[in-house]
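Peer 1: Based on these hints, arrange chain B on the given structure of chain A.
Residue numbers (the numbering used here), protein chains in the order written: chain A, 1 to 693; chain B, 1001 to 1693.
These aren't lab readings, by the way, just hints derived from the structure by calculation. None of the values given here were measured: they were computed from a predicted structure. Where a beta carbon is used, it is the ideal one built from N, C-alpha and C, also for glycine. Be careful, since some hints might not be right.
Calculated lysine-lysine pairs in the DSSO-like style (CA-CA distance at most 27 Å, straight line) [unchecked claim]:
#, chain 1, residue 1, chain 2, residue 2
1, A, LYS336, A, LYS580
2, A, LYS126, B, LYS1129
3, A, LYS365, B, LYS1126
4, B, LYS1387, B, LYS1296
5, B, LYS1328, B, LYS1311
6, B, LYS1126, A, LYS349
7, B, LYS1537, B, LYS1508
8, B, LYS1539, A, LYS126
9, B, LYS1365, A, LYS126
10, A, LYS336, A, LYS583
11, A, LYS443, B, LYS1129
12, B, LYS1088, A, LYS365
13, B, LYS1126, A, LYS407
14, B, LYS1443, B, LYS1349
15, A, LYS328, A, LYS349
16, A, LYS126, B, LYS1443
17, B, LYS1296, B, LYS1467
18, B, LYS1129, A, LYS365
19, A, LYS126, B, LYS1349
20, B, LYS1129, B, LYS1088
21, B, LYS1365, A, LYS88
22, A, LYS539, B, LYS1126
23, A, LYS126, B, LYS1407
If you only want the chain A side, here are some residues facing chain B, beta carbon under 8 Å, derived [claimed, not checked]:
#, residue
24, LEU289
25, LYS443
26, ASP588
Protein chains: 2
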Amino acid sequence: MTLFRLLAAAVLCLIAIPAAAQTVAQAPSGSQIVATADSPSKVIHVDVTLSPEGRVGYIVSRQGKPVIAESRLGFLFTDAPQMLRNFKLAGQATRSFDQTWEEPWGEYRTIRDRYNELAVSFDETKWLKRRMTVVFRLFDDGIGFRYELPRAPDFTHANIADELTEFNVAEPGTAWWDEALEWNRAEYLYRRTPIDEVGVAQTPITFRTDSGLHLSIHEAALVDYSGMDLRRVHDNVFKAMLMPSSTGPKVSRGLPLATPWRVIMIAPDAPGLYKSAQIILNLNEPNKLGDVSWFKPMKYVGIWWEMHLDKSTWNSGPKHGATTANAKRYIDFAAKNGFGGVLVEGWNKGWDDDPDGNGWFAWGKDFSFTQPYPDFDLPAVAAYAHKKGVGLIGHHETAGNIANYEKQLIPALELYRRLGIHAVKTGYVADAGGIQALGADGKIHFEWHQGQVMVDHHLKVITEAAKRQIAVDAHEPVKDTGLRRTYPNWVSREGQRGMEYNAWGEPKNPPEHEANLVFTRMLSGPMDFTPGIVSLKGKDDTPILSTLAKQLALYVVIYSPIQMAADLPENYEANPKTFKFIKEVAVDWDDTRMLAGEVGDLAVFARKQRGAPTWFLGAVGDEQERHFDVALDFLDPGRRYRAEIYRDGADADYRTNPRAIVIEQRIVTARDRMAMRIAPGGGAAVRFVALDN
Amino acid sequence: MTLFRLLAAAVLCLIAIPAAAQTVAQAPSGSQIVATADSPSKVIHVDVTLSPEGRVGYIVSRQGKPVIAESRLGFLFTDAPQMLRNFKLAGQATRSFDQTWEEPWGEYRTIRDRYNELAVSFDETKWLKRRMTVVFRLFDDGIGFRYELPRAPDFTHANIADELTEFNVAEPGTAWWDEALEWNRAEYLYRRTPIDEVGVAQTPITFRTDSGLHLSIHEAALVDYSGMDLRRVHDNVFKAMLMPSSTGPKVSRGLPLATPWRVIMIAPDAPGLYKSAQIILNLNEPNKLGDVSWFKPMKYVGIWWEMHLDKSTWNSGPKHGATTANAKRYIDFAAKNGFGGVLVEGWNKGWDDDPDGNGWFAWGKDFSFTQPYPDFDLPAVAAYAHKKGVGLIGHHETAGNIANYEKQLIPALELYRRLGIHAVKTGYVADAGGIQALGADGKIHFEWHQGQVMVDHHLKVITEAAKRQIAVDAHEPVKDTGLRRTYPNWVSREGQRGMEYNAWGEPKNPPEHEANLVFTRMLSGPMDFTPGIVSLKGKDDTPILSTLAKQLALYVVIYSPIQMAADLPENYEANPKTFKFIKEVAVDWDDTRMLAGEVGDLAVFARKQRGAPTWFLGAVGDEQERHFDVALDFLDPGRRYRAEIYRDGADADYRTNPRAIVIEQRIVTARDRMAMRIAPGGGAAVRFVALDN
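Next up, chain A with everything else stripped away, as it sits in the complex (with noise of 0.2 Å):
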C-alpha cells in the first residue's frame, strides 16, 4: 500500500530578495512592513512588521480584513540575553507549494496541501548579531509560522525561557476555551466567553469575532519542544506560555532548531473552521514509518466501563476485573459481533499502592509492565483471541511515572509483539504524584504533561512501539498536534473530558459537550472518546445527559480510528436495535463534510466509508432542541441508498425521556434534502446504504 502517494506534482520556486529592494509600507503601530505573502487564492495575507526598536511582528488579514493585529515574536532565554529588539531585515525568501497526499487511515482519503511560503531573516544590530528566521506558510483556511534558530560560532544550544509570540485578534468575539490548570491536565469543562475574558487556556482555542469569522489557535509538529497554553495579557492579545520543566529552560536543545509550527485557522464559518484543521497534518512532515497496514482502524471493547461503574476494579482483590474468564467473556463478545478488539485494563501488578485502594491514585512506582496479577493468564487469553479473530489492545497505565515505565518500555513492548498484540492503550494519570522522570542528575524530577520532557517521552514510545507493529492510544496524553502524519501508529488519545466523566463526573459532561469539543480539540486530531453508552447510566445508575439516538451519533461525530463500544455487553444485548448500529459504523473514512455546525450548538457530519459506497451522518446538538434541513448531495449522483435512521423521538429530552428514539428507514438520492429535530440533549445517527439501482 503505498501510504503517500503524491497526486499532484510539487511546484516550487525559491526567490531570495534583497531587503533593500522591499517597498516600504507602514502598519498602524509605525513599524515598517519588511515583507508580505498571499495564500495561493490570495485569501489569506500577512505582513511581516518591524518596528522602530528593531522587535519584529506579524499581521494576518483575510479578504482584505485583519484577523491578527500587530503581534510580536521573540524568546526568552535562561543563558543569553532575550531576543527581543534590535533586529534587521536580513533577506526573505518564497516558495509555493501543492501536493495532495494519502492518509493510511483518517477522514479524508486524501489531503491536498496547497500553501505560499514566506521566509524572513532578521539579524540582530549589536552584540551577539544571533538570526531569527520565521517561515510562514499561508494557506487559504489558515497561515502556520515557526522559528529557525541556525547555529552559529557563539549560539549552538538554545535554552529557552519563554516564547514570546504573540496572537493579538483583531475583533471582539466569542471564546470556546478550556483552561490551564495546576493539575496540569486537559480534561476540564469547555467555557464559553468573550474573548477578552479569556483567562489561561490550552489549545486548540476558538473564536467566533462579532463578523462571523471563525479562528482557532493551535500548534503543529509539537517535537523536541515545550507545548503551547496562552495566556491573555491584555485585551485580546494571547501571549504563548511555554510548559515549565523541572530544570529551567522550558525548551533546552541544540542548534539549529525549527520551533514547532503555530497555527491560526481561519474560515468563514464553522464547518470551514473544522476543514481547515487540515492545516495541521499538512504542518507535520511525511510518514516516516512506511507500511503501518498492520494497523486496522477497528471498533473495540474492553474491561473498563465495569471499573468506572465501580462493579469491578482495576486493583486486584474479590472484586478485580481483568480476570482470564472475564477478558475471554468480552473476546466471545466481540467476536460475535464483529468487533476488532479488547482491551483489557488493570491485568498488571502495580495497582495496589494506594492507602484507599485506588490504584488510578497511585505513584506508578509499583507499576510492572511485563507480569499479570495471578488471575489473569495473559499468554492464554492472547492465544484465545487469536483463536477468535480478535485483537487484545494493551494496556500501560503510569500514574505519570515515566521513570519507572522508561525502565520497563522494551520488555513491555517486545511481550506485546511477542504476544501479536499491535495496540497498546497508554495512560499517565497523574493525581497523585505528578509526571515523575528521571533526570539527567539521576534523580526524579517532576515533570508537565505537555512539558518537554514528556514530548520527548510519548515520542520515544511511539517510534519504539512502531518497531514493533504495535499503534498507541495515549490517555493523559500530550496534546495532538498532527504527528499521525509522521508516526501514523499514534492513533488516538484522549485529552479531554471523555465518556468517563458520564460515569462520576462531577459534574458530568453537559449536552454542549460534544458540540464544543467538535470545534475545539478535536481540530487537533482523533479521541478515544469510548461512547455507545447505551443504557444511558453511570455509576450507581445515575443519569447520562444524553439522549439514545445521540449515543450512536458520537461514532460519526467524535472522529477516532478506534471506535470502543464502552458500555457492558449485557446492555448492548439488551439493546439490539441501536447496538445495530453500532455495529455497523464505520471507522475509517474517505471522505468527511460537515452539513451543519455552530461551535457548541450543532454538528452534523456525513462521512464515507472508506473503501465503500456506504455513508454516515452523525449530528449532535447541545441542551436546546435544534434542527437541521441538510442536502443530501454528498451522495453518488443518480444513485439510490438506503437511509436507516437512527432519531430523537418526538418527545425526547435528555432530562425526561432519553431513550425516546425513532428507528426508521427512506430511500433517498443525492437530490434529496433531510431535515431532523434534534432533541435537547439529543443526536442523529444515520447510514446511507448504496443500493443496487
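Peer 2: Then chain B, alone, in the frame of chain A:
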C-alpha cells in the same frame, strides 16, 4: 531615637484547639469549614475549608458578605509530589495581638498593629504525610496569610515549582491593574477593566466591586522567595504566578520556611483602602537595623532631567552631564534653596558600550562602580557638597548585570562611606541583556526582576548598604512589600512609570496616572516619582499632560521620604512663586489622611509635617474637571492657620492652558471647609501654616 518604641502592650493568647472539637459547617461547594476566625472588631471573617478530596481552601467575608469565595491553596514542587489534596486537619491555634509602633520616617508617626491570628495545620493522609500550616492574620481592614512548611526527615528542602494560591473575588466589579510582560519590568500604564477581563497582572491589583467594596491584593515581606504576579484563570479567579528562575524551581529554600504574606486589603471606600496598606508594614518584621537617624528624609535635585531632555548624556563625550563643574552648579543650587541632596547620574565609567551610544541599553559589563569618568572629580565634588551642607546621592546603574555589580558591591559602598555619601540610587534597566546573575555553576544566568535571585540580591545590597549607613533608592526594583519597616534604609524605589515618561514616553503619562498610582502602586510603599516639572515640558519641548498646580500637588500625593525637585535649576529660577511651595513642602509626616478619593479619578490628601504643626493638602484629578469640598477638621481645633493655596486657574486645562494657576492665601480653622475645582489634568496644593493665635 527609639525607632520602634512599643506604645501599647501586646496581648497574646495561644489556644490549641483539638480538631475534633470543631463544629463542622459546610461551604457552598460542599467543603467542610474546619476553622474560622474574626478580626478584632469582627469586621473581617475567614473560613478555612477542606474539600471531600482533601484540598485546603479559604473564604473571606466582610460584615457577613463574601469578599473572596472559596479559593484553593497548595504547592507544586520540582522534586516532590504536589501538595494539593489528601489533607486532613491536624490542629489549629489562635492568637491576638495589639501593638502600636513608630515609623522612623513615613506617612504616619505611629501605626497600630492589631489582629487576630489563626494558624491551621494540615497533614497529608498518604505517602509523604507532609504538613502544611496556613497562618491567617485578620485585621479590621484586611487579611494576610502565609504558608509555613516545617522541616521533616524526608522534607528538608523545598524546590517550589509554583504556588497554587487562588484569589476568587466573590463579586463582579472593576479592576485597576498593570500587566506583567516579557521585559519583566513594572513600567506599564494602568488598565481599568471589568474584573473578569483582567489578563496577567502585577500586584498590587485593585478592585472596586459592584457593591462598592474596595480591595487590593498584594504581598508582604517578600524575602528569599519569588515575587508573585496574578493570572486570572477564569471568571474572577486569580492564581498566584511566581516569577520564574533560570534553574527550574521558582523558589529553592531549606526548610522550615514561611512564605511571604499574601495580603488582601479590604475597605468600604477608596480612602479606607489607602489606609489599609498599613497592613503591609504590620506584616513585616520590626526594624532590624536599630538607629537609622543618619538617614534624613529630604528633597533633592540632580543631574538627571537634563539627560532625559537630551541636553546632556549619561555617556562620556562632549555632552557628558556628570562633570565636576555641572555637579558644583547643582550643589550650589541645592544649598541656596535648602535641598538636602544632589544626585549625580553617569559619573562612573561604563556607559559607552552601546553601539548606538545609548548607555541605558548597555549590557552593564563595563560599569565600574568606583571609577569616575576623567571629567568628574568625585572626591572634590563630595568635599564641595560637604562644605555646602549638601549630601551627594550616589548612583549605581547596573543595566541588570548584577554579576558585575555584586563583584564590586563592597568596594563601591565603601567608597561612598568614605566620602560621606549616605544615599545611593540603584538601577536595573535590563532592556539590552536582561538580568545577568552569576549562577552556582559559575556561569551567567538570565533571571527575572521579581525572581528569587533578585529578591535575594536586593536584600544583600540593602543590608550591606545599611552597614555603611547608606540608604537605598532602587529603580527598576523588586516590588515593595513593606521591607522598609525591617530595613529602614530602603527608603524609596521606582517600580512604575515615573516622571521620566513625561520626557520621552510614547505615550506620556495620562492625567489619570497619579490617581491610579495612589490606589495601586502606592499601596506597596514610597515611590521616587521625581515630580515638580514646573516647565511642563519634556524632551523637544513636548508638553506634559499636567497643569502647573498638579506638579506641586504631587509632592503631597505621591509619598516618598526622598522627593526630587526634578526640573532644571533654571526652570525653577524662572518660576519662583511655585518653586516656593516645592522648597517648603515637607517630606516626612506625623499623620496622613485621605480626605476624598475615587480610584483613578481623584485623590485628596492631608498630611501633617513630622514634628511641626504644619499641614499640607495635595489633590490630583484625572482628565476630567473634578471638584472636592473637604472639612478641615484635621487641623488643631481652635487654632488659626494661614492656608497658602496653589490651585488651577479658572480656565486652566492641561491641553489648552496648563500654566494657569491661582496662588492665594486664606485664614482657616478646623471648623472650615475647603472647596476647590481641579482642572482637567490638574491638581491643588495647600500649605497650612499654624499661626500664633
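Peer 1: So which of the earlier hints does this model not fit?
Peer 2: 2, 24, 26
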